[in-house]
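2 protein chains.
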Amino acid sequence: MIGGRYGLSSKEFTPAMVKGIFDELKKDKPKNNFTIGINDDVTFTSLDYDASFTLDESAWRQGLFFGLGADGTVGANKNTIKIIGENTNLFAQGYFVYDSKKSGAKTVSHLRFGPKPIKAPYLIKKADFIACHQFNFTEKVAMLEFAKEGATFLLNSPYGKEEVWDKLTGQVQKEIIEKKIKFYVIDATTVARETGMKGRINTIMQTCYFALSGVLPREEAVKQIKKAIEKTYFKKGQKVIEQNFRAVDTTLANMYDVQYPAKATAANHDLLIVSKNAPEFVQDVTAVMMADHGDQLPVSKIPIDGTYPSGTTQWEKRNVSDLVASWDPELCIQCGNCAYVCPHSVIRAKFYHKDNLKKAPEEFQHAPINARGFPETKYTLQIYLEDCTGCNLCVEACPVTNTVNPSRKAINLTQKAPVLETEKQNIEFFESITWNDRSKIDFSTVHGAQFLEPLFEFSGACAGCGETPYLKLLSQLFGQRLLVANATGCSSIYGGNLPTTPWSVNKEGRGPAWSNSLFEDNAEFGLGMRITADNQLEMARQYLMQLKEELGENTVNEILEAQQVQESELVAQQLRVQLLKEKLKTMNSSAAAHLLSVCDQLVRRSVWLIGGDGWAYDIGFGGLDHALASGKNIKVLVLDTEVYSNTGGQSSKSTPTAATAKFAAGGKSAGKKDLAMQAISYGNVYVARVAFGANPQQTLLAMREAEAYDGPALILAYSHCIAHGYDMKNGLDQQNKAVASGHWPLLRYNPTLRKKNQNPFVLDSPRPSIGLKDYAYNESRYKVLTMTNPMEADRLMKHAQELVNLKWKNYEELATKKASDFVPIA
Amino acid sequence: MIGGRYGLSSKEFTPAMVKGIFDELKKDKPKNNFTIGINDDVTFTSLDYDASFTLDESAWRQGLFFGLGADGTVGANKNTIKIIGENTNLFAQGYFVYDSKKSGAKTVSHLRFGPKPIKAPYLIKKADFIACHQFNFTEKVAMLEFAKEGATFLLNSPYGKEEVWDKLTGQVQKEIIEKKIKFYVIDATTVARETGMKGRINTIMQTCYFALSGVLPREEAVKQIKKAIEKTYFKKGQKVIEQNFRAVDTTLANMYDVQYPAKATAANHDLLIVSKNAPEFVQDVTAVMMADHGDQLPVSKIPIDGTYPSGTTQWEKRNVSDLVASWDPELCIQCGNCAYVCPHSVIRAKFYHKDNLKKAPEEFQHAPINARGFPETKYTLQIYLEDCTGCNLCVEACPVTNTVNPSRKAINLTQKAPVLETEKQNIEFFESITWNDRSKIDFSTVHGAQFLEPLFEFSGACAGCGETPYLKLLSQLFGQRLLVANATGCSSIYGGNLPTTPWSVNKEGRGPAWSNSLFEDNAEFGLGMRITADNQLEMARQYLMQLKEELGENTVNEILEAQQVQESELVAQQLRVQLLKEKLKTMNSSAAAHLLSVCDQLVRRSVWLIGGDGWAYDIGFGGLDHALASGKNIKVLVLDTEVYSNTGGQSSKSTPTAATAKFAAGGKSAGKKDLAMQAISYGNVYVARVAFGANPQQTLLAMREAEAYDGPALILAYSHCIAHGYDMKNGLDQQNKAVASGHWPLLRYNPTLRKKNQNPFVLDSPRPSIGLKDYAYNESRYKVLTMTNPMEADRLMKHAQELVNLKWKNYEELATKKASDFVPIA
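Chains as they are written, first to last, in the numbering used here: chain A, 1 to 826; chain B, 1 to 826.
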């Protein structure tokens, strides 16, 4: 659970109170109920231990390798273990540390070799060999702390042996000098590019390791590396194998011994993990975890009720991409498309009075608002550079092209380094401008939505993720009164990826309350949230009636009778409840205290059950069906990637015919389950199928209709995904084609229309204009079968096309029926 | 798991082997790993204990009450506890022992009262007061064993104080004399009838208890009993309360002290629980459990692999009804309807050559077979009297009326006692006639099906159960090669109601293998059975190929290529596999041993996933949907009572609109989930909706089509149920009305037809001919709302009728569509 707005928060317990409680508890406990390795400063039951204790490591060669998630470092190290294990008398041990960030996270490989079996169940603290595969880690990670005296340090560096020394920070220089480290550099990135390997530096760094460590004779090592390459890349074809061979052969000529002075020349660099502006908790707890020192945190630092502060990804500044978005105020038509599609909420827009600019930094960008009659209003689109992943979706979404230079749009990717410092100041200024008044924004258009503060930001999702734009939109529309039950899956990982959380709060401290439950019970979990909210609301209403005299009849009636549909009405009710709370705090009755504990519910809650297709179509389907059938006011958002994305691409019942996936490697022959039609069959469920890349306006409309409907709602949201096997910058284009081919018809089923005696089934996309193939074969998940089994691929594609045709026919039929052809509402 | 035909059975372990294994295991175990109260003669780890130990019971008054399930004994005793607990200084304790039989089971209430809090967590062994609410228990249950010297014995007896002594068995007389028991009788059944209470004797017996026990002064006791009556029957209205008052007032005048002689006059009666013809296991284990002495069984008696012998209900002979079915050979047209609908498989038919009759008992009934050209063939319909529950469904199903006496049919209910002994002999003879050859029976008609041996019989289901006829039919059609995964619910209770099991085997020892799994995973469990069977079949085929030379090419090819669709083909394959097994036993290779372990799979297996609507529509729905979507050859039978029957009538998603149930006490407003249409949407699932009482022929056809289809199948089977609130003898009539009103349209969706380019959707029942009300208001579940909330009842019934109309319209539309309007098969 993140967000601490319900019930008693950890701040209401003082440390003394906590200690008192636990001292009482301890009395009943046996004396020897201790745990080892935890600094328990609350119940004082932990044992001291010698943190510096190690086994005798003298016979081992220990190596640490610092790489970037998905750069191949871990895979190459696994091969290294196999090569050494199989070709020498040495025993091998490997352990790989990486977190659950979807992209751009650090990996650390711990490798040990020795003449006897290695039984060392702890990480390496004194390494003979340290490799750094990313130059910028030298500024972020104190990796030479782990170096033994005389160890070898191999650095992938864009700077040559002459230049590199001066690019290092003071700390690194000092460690190298003091520990008499043998220091080597290679520009692996350039070697990789020149041998056709693009960004893959793993084989190159591995070759260097063998050359420097001397575990095997060099020639033998090269032979074995090549053998491993053949095995690893067998499926990718001869070309890839030969590129790797060439990289190996070129490597050693490009590796250099670095001579360094006897004294450090550079200044110490601030290894600060988070900004000094960050809140106390972030500095004390979050930052410690981010620095890989979470196990040093004393128990007292952890929130006592399990409620975890939200909005902390903003302090991470992961800087995963060198290329970032850049705005062109001259060209921009201020449509808001780029902000809408940005998966990481790094593009934000505000309009404001021009007087605000008086204090603006010189380079702060702005433009007159693109609306007649507001000459004093300015508009700024601000990019959060350090959080941008360079996915390119904003550029793809931009409808404007520079007529002079057709390769330029109103938003473009650019090198980050030159503009970083300027933009940091611009962001600081941008944040000082208040967000626009929600009651004055037109929620119904993409253009309007850009001015709503996102309360989901800077997540650890993949660059170009097709899921997160939906969550961001949800948080913009209803974030201040949102409760989210999140099923296990990608969204639960990037949604609550401790130590940081992307779900955030606004300046008033209002934001989504979020919790993750299991694949198999999330719908029930969310239904429970709804029932709780309803019961608490009922309690609040009863207490209000009870306290009518003291609170004033008008006040009570206003609150009880408030309509809460328009945003302006919601804002007004929020204010009433705020005033009520202040009044209640001055009162002394138990009824007032009870009312205070539940009166937040008087502002209409929006309960959303969120998960992927693995949850909704498969493992959690029984519960989902039950929650929908309950008739309760719950909203379901299915981030449909048509495959189990988080666990590595297994087939779900949402996986379409003819696509391949794990457990359906020969192509899926069954049809994609039509969850929309199953939900529609209940009659009183609002159902929509949306694709933000194909029709952002329809997505927005569906979300607002779903939320406004006083009953269950289901939104199936097409989410392009790296599991589909293509460059995510084409995600929007593929969404368009999914709709245009009829694979993903856009629709809305609105029971409210049925009540008004209108046809509740609305088809929002036109009859298919391209064949299914024209969509599917841009994606590896379909394409691969045409290579491995062309006959079957052809058969399945024909069958899939037949299914699409039939689905369309049925949908068109439904769209033209009479209201009375649909289930009546009781 | 019952049925021991797969894998190593317990018989293949000798006791010495078992002891050897456990002796080895014990070596590693700590010495003090003992359990108390179990006679462990296998691992010898149990501790001796003093079974006769009791606390000091001198201050307690202890009463034992022997009643029949649902006769109100337990309820009245609960009231007794409340009365004494609230109106005296005594403390009270109650414990109620009853098994999970659905009807006709014994209940024992254990009541203690004392001046201090009673902490006695064990059953009463020395009672001051014993009440027997059913006279025939005196012959079956040694209840006076539990009487203290000088105890009081109260017997509900149809015989007066003068006659009763001579109706008791020798044992009972002796116990009464030896223990100097104060013996009272009352004809509570007559008192109940005469005061308008029908069969409810509970209040009467309770009044006697208070009168005899003297815990409260009589007048005070009567006052408190009446208060409790008012509270208990408040909802049933003033009339019921007054009847109870009258019963109380009449009671004491009808209770008599019995004077008895100083010496027993009657002979000892044989308390034998099972026939001496029963197998060893039944005598040694089952019977001991049936006699309530299961905890005395030593561990060695329990099957070592958990596989439990099946077909043991036949030894129970529960004799729950005084009225039983009786056949009239003269009138009978031999249609088989009565045998088909009998929920307890007590009506069986055989045809045979007349020479068989030479050894028949004189009173054995028979008739010439009703078929031209077979003058030498005779027909007998045999009733298993002791297993008959007197439900009357057979009489309702009989199409023939005696023209002379229109109240008589070809089957009628009659008093059991006068014919019991004769019929026992007839049954014995009937069983000596072999069952008709399956390959010569016409499976496709109800008439033919009566000649198939049921392998599901004499279950503990309620009298008139609407579920069990489906299971019996299933066992008749496919029983010899059936695997059943049974979800929790009524069917898992009466299906594996240890110590006895209704799933049975034929003379060759072939019968269903059955196991129960949870509500939430039964579909997955059954899918696992299928996958296992498929994999074992594949192994068997491979070993056959491997052993081709030794086994002979012809033999192997015949087995591998055998068609197994017609019953005659299946019989032939069974024979081939039998011969193969004998050959394999003589061979010595490991391949032969492996083949032997899996070769049973060479006869086509039929895997059925069975459960109620609580399983299929609700708790197990996610798994069911997944199993259906798997495309695997699994068959699903949903015994749809439209409510959670086993747990006491909670609303499920199958509960229809306007019906009441627990959690839907105000009438259900949501629609009944259309599980058939959801399954049909997959395209490759065979789906049928059946109601055996409305169209037995269609039920039979659907089961056979489902089984023959090489893919998933789902049969939704309307099951009338006591939870619907009406006399079950009208179950067939209500089934008819469910169909005639359009509430339960009969349909079949056959993907095989789609493959042949025909419309796969077949509507088997005509357009509704009666209104929904005409069906629904015969059942309390609907009717009750018209009394408690007539306006809402009316509103909901109108809505329900609208839903029925719409469903019909849609179904008729589907039935007239073209093949190409339905999902194509890949």
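Simulated from the structure, these hints should not be mistaken for lab results. Please note that a few of the clues may not be correct.
[Said to hold, decoys possible] Distance windows between CB atoms, simulated:
| no. | chain 1 | residue 1 | chain 2 | residue 2 | range |
| --- | --- | --- | --- | --- | --- |
| 1 | A | 777 | B | 755 | 27 to 35 Å |
| 2 | B | 542 | A | 812 | 25 to 33 Å |
| 3 | B | 532 | A | 665 | 44 to 52 Å |
| 4 | B | 120 | A | 662 | 56 to 64 Å |
| 5 | B | 277 | A | 662 | 53 to 61 Å |
| 6 | B | 812 | A | 812 | 41 to 49 Å |
| 7 | A | 665 | B | 280 | 30 to 38 Å |
| 8 | B | 532 | A | 777 | 32 to 40 Å |
| 9 | B | 96 | A | 662 | 50 to 58 Å |
| 10 | B | 542 | A | 777 | 54 to 62 Å |
All values reported here derive from a predicted model rather than from experimental measurement. Every residue gets a Cβ at the ideal spot worked out from N, C-alpha and C, and that includes glycine.
Hints, verified against the model:
As the Cβ distance of residue 777(A) to residue 755(B) is approximately 28 Å, the hint placing it in 27 to 35 Å holds. The supplied range of 25 to 33 Å is broken by residue 542(B) and residue 812(A), whose beta-carbon atoms lie about 50 Å from each other. The hinted window of 44 to 52 Å between residue 532(B) and residue 665(A) is violated, with their beta carbons roughly 22 Å apart. Take residue 120(B) and residue 662(A): their Cβ atoms lie about 59 Å apart, and the range 56 to 64 Å holds.
Between residue 277(B) and residue 662(A) the CB atoms are about 57 Å apart, so this pair conforms to the stated range of 53 to 61 Å. The supplied range of 41 to 49 Å is broken by residue 812(B) and residue 812(A), whose beta-carbon atoms lie about 21 Å from each other. For residue 665(A) and residue 280(B), the Cβ-Cβ distance of about 53 Å falls outside the hinted range of 30 to 38 Å, so the restraint is violated. With their beta carbons about 38 Å apart, residue 532(B) and residue 777(A) fall inside the hinted range of 32 to 40 Å.
At about 53 Å, the CB distance of residue 96(B) to residue 662(A) agrees with the hint of 50 to 58 Å. Restraint check, residue 542(B) to residue 777(A): a C-beta distance of roughly 38 Å breaks the suggested window 54 to 62 Å.
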